[in-house]
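Dock chain B against chain A, hints included.
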Amino acid sequence: GAVVSQHPSWVICKSGTSVKIECRSLDFQATTMFWYRQFPKQSLMLMATSNEGSKATYEQGVEKDKFLINHASLTLSTLTVTSAHPEDSSFYICSARDGTGDRETQYFGPGTRLLVL
Amino acid sequence: ILNVEQSPQSLHVQEGDSTNFTCSFPSSNFYALHWYRWETAKSPEALFVMTLNGDEKKKGRISATLNTKEGYSYLYIKGSQPEDSATYLCALRDVYFGSGTKLNVKP
Chain A
115 GAVVSQHPSW VICKSGTSVK IECRSLDFQA TTMFWYRQFP KQSLMLMATS
165 NEGSKATYEQ GVEKDKFLIN HASLTLSTLT VTSAHPEDSS FYICSARDGT
215 GDRETQYFGP GTRLLVL
Chain B
535 ILNVEQSPQS LHVQEGDSTN FTCSFPSSNF YALHWYRWET AKSPEALFVM
585 TLNGDEKKKG RISATLNTKE GYSYLYIKGS QPEDSATYLC ALRDVYFGSG
635 TKLNVKP
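These protein sequence lines are chains A and B, in that order. Residues 115 to 231 in this note's numbering are what the first sequence lists, from first letter to last. Residues 535 to 641 in this note's numbering are what the second sequence lists, from first letter to last.
The following block holds chain A by itself, in its conformation from the complex (with noise of 0.2 Å):
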């Protein structure tokens, strides 16, 4: 099946500062992409569609300005948490779909683990 990487797979930062995720699709290219967060004991939570050339379409609750999303090309989407704080550490994780109609399959990476101390 289609392969997504997502880098780094964990950071650990300081307070105040941004931290950026990227997610690629290796051998296929996603006209969009999502990006969910993660947290402890908690499902998977939609944060945003990320599509090629335009702007992000943010769920509801997300705040777009701290939650910065860019998918300048048809294999790379990134997410950048600006400002961290604590309450921003969680498990970040993206995906990108791929075919059409019923042979229309979700992949996902294997997700980023953020810390914010």
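Read the hints as simulated data drawn from the structure, not as lab findings. Every clue listed holds true.
A few chain A positions that, by computed beta-carbon distances, are all more than 12 Å from chain B:
1) 125
2) 130
3) 142
4) 145
5) 165
6) 166
7) 178
8) 186
9) 187
10) 189
11) 197
12) 200
13) 202
With a Cα cut of at most 27 Å, we get these calculated BS3-like pairs of lysine-lysine:
14) A:155 / B:636
15) B:603 / B:592
16) B:576 / A:134
17) A:155 / B:640
18) B:591 / B:612
19) B:576 / A:155
For glycine and all other residues, C-beta sits at the position ideal for the given N, C-alpha and C.
Chain B only, in chain A's frame:
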């Protein structure tokens, strides 16, 4: 945001046991229900996409059924093996996820 619930939260079975778990979702405006298998330290892996009421999908020892009128889907694993140990997620419209059922199969 659509509320998707999964039960049980965790499950411990012996190798060879058959097991099943539930995904519940709002039945109105149904579009599609997805099942994923998520092993520790790996990416979630798509298992099934289910779109029609009464759908039944099968992949090896794993199968799933769908009831869109009452808003639930069952995932069945026949003859569980240790390698089936993982968290099984369902998602409505492929974006609204349940919290998962963590399955542990003891050899």
